[in-house]
Amino acid sequence: MFKEIFLFEIKYRLKRPATWAYFGILLLFGLIVSIGGNGPASEKVFVNSPVAIATMLTTISIFGIMLSSAIMGFLCIETLSIKLKITILRIPLVKRATY
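Read left to right, the sequence shown gives residues 279 to 377 (this note's numbering).
Just so you know, not all the hints are guaranteed correct.
Here are the simulated SDA-like pairs of lysine to any residue, each with C-alpha atoms no more than 20 Å apart in a straight line [to be verified]:
no. : residue 1 : residue 2
1   : K281      : A296
2   : K289      : A299
3   : K281      : G351
4   : K289      : I331
5   : K289      : I349
6   : K293      : L309
7   : K322      : M334
8   : K293      : A332
9   : K293      : C354
10  : K289      : L353
11  : K293      : I355
12  : K289      : M334
13  : K293      : L305
14  : K289      : F307
15  : K293      : F352
16  : K293      : M334
17  : K293      : E282
18  : K289      : I360
19  : K281      : R291
20  : K322      : A332
21  : K293      : L353
22  : K289      : A332
23  : K281      : K293
Ranges between beta-carbon positions, derived for each pair [claimed, not checked]:
no. : residue 1 : residue 2 : range
24  : A299      : L335      : 32 to 42 Å
25  : K293      : S327      : 36 to 46 Å
26  : I288      : I360      : 37 to 47 Å
27  : L358      : S327      : 41 to 51 Å
28  : A299      : S359      : 19 to 29 Å
Since the hints were derived computationally from the structure, they do not count as laboratory data. Each residue gets a CB set at the ideal place from its N, CA and C atoms; glycine is no exception.
Please take these sequences and the hints and turn them into a complete structure.
Laid out in structure tokens, this is it:
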């Protein structure tokens, strides 16, 4: 059952233009970071200094939060539109399913 759901989601996501847009944005961001070299560092600050690493991680984290909220926002709207909440709440839990 998990395999069928997983394959359906993969096929569905690969058809959506948003998936390719997210991929392109992340690829572009990665290329800019790697080509840019020192990023927030200057000639007096090493690339692997704590302040340079913290600045780069902060920038990446802010971008990641925006990206994940866009993805999860779509999933929440999609779940509400197909009334999946009612289906999920009606499925009984058995001991075997909760491990």
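Now for the hints, and whether the structure bears them out:
1. The hinted pair formed by K281 and A296 fails the criterion: a straight-line CA distance of about 23 Å is larger than 20 Å.
2. Distance restraint check for K289 and A299: the Cα-Cα separation of roughly 16 Å lies within the 20 Å cut-off, and the hinted pair is therefore satisfied.
3. Restraint check for K281 and G351: not satisfied, since their Cα atoms lie roughly 25 Å apart, outside the 20 Å limit.
4. Distance check on the hinted pair: K289 and I331 sit about 36 Å apart at the alpha-carbon level, beyond 20 Å; violated.
5. Pair hint K289 plus I349 holds up; C-alpha atoms about 16 Å apart against a cutoff of 20 Å.
6. Restraint check for K293 and L309: the C-alpha separation of about 25 Å exceeds 20 Å, so the hint is violated.
7. Simply put, K322 and M334 have alpha-carbon atoms about 17 Å apart, close enough for the 20 Å limit, and the pair holds.
8. At most 20 Å may separate the alpha-carbon atoms for a hinted pair to count; K293 and A332 exceed this at roughly 36 Å.
9. This hinted pair checks out: K293 and C354 have alpha carbons roughly 19 Å apart, not beyond 20 Å.
10. Taken as a hint, the K289 and L353 pair is honoured in the structure, with Cα atoms around 16 Å apart against an allowance of 20 Å.
11. With a C-alpha separation of about 18 Å, the suggested pair K293 and I355 falls inside the 20 Å cut-off, and the hint holds.
12. Our distance criterion of 20 Å between C-alpha atoms is broken by K289 and M334, whose separation comes to about 33 Å.
13. At roughly 19 Å between alpha-carbon atoms, K293 and L305 fall within 20 Å of each other, so this suggested pair holds.
14. Between K289 and F307 the CA atoms are separated by roughly 25 Å; this puts the pair beyond 20 Å, and the hint is violated.
15. For a cut-off of 20 Å, the pair hint linking K293 to F352 stands: about 15 Å separates their Cα positions.
16. A hinted pair counts as satisfied when its Cα atoms are at most 20 Å apart, and K293 with M334 does not qualify at roughly 32 Å.
17. The suggested pairing of K293 with E282 holds, with an alpha-carbon distance near 17 Å, which does not exceed 20 Å.
18. For the suggested pair K289 and I360, the alpha carbons sit about 19 Å apart, so the restraint of at most 20 Å is met.
19. Between K281 and R291, the direct Cα distance comes to roughly 15 Å. Compliance with the 20 Å bound is thereby established for this hinted pair.
20. Under the criterion of a C-alpha separation no larger than 20 Å, the hint pairing K322 with A332 is consistent with the structure, at around 16 Å.
21. With a C-alpha separation of about 15 Å, the suggested pair K293 and L353 falls inside the 20 Å cut-off, and the hint holds.
22. Taken as a hint, the K289 and A332 pair is broken in the structure, with Cα atoms around 37 Å apart against an allowance of 20 Å.
23. For a cut-off of 20 Å, the pair hint linking K281 to K293 stands: about 19 Å separates their Cα positions.
24. Between A299 and L335 the C-beta distance comes to about 24 Å, which lies outside the given range of 32 to 42 Å.
25. Range check, K293 to S327: about 44 Å between beta-carbon atoms, so the 36 to 46 Å window is met.
26. In this structure the hint that I288 and I360 lie 37 to 47 Å apart at CB is violated, the actual value being about 19 Å.
27. Checked against the given bound of 41 to 51 Å, the beta carbons of L358 and S327, roughly 46 Å apart, stay inside it.
28. In this structure the hint that A299 and S359 lie 19 to 29 Å apart at CB holds, the actual value being about 21 Å.
Comparing the model with each numbered hint stated earlier shows that hints 1, 3, 4, 6, 8, 12, 14, 16, 22, 24 and 26 do not hold.
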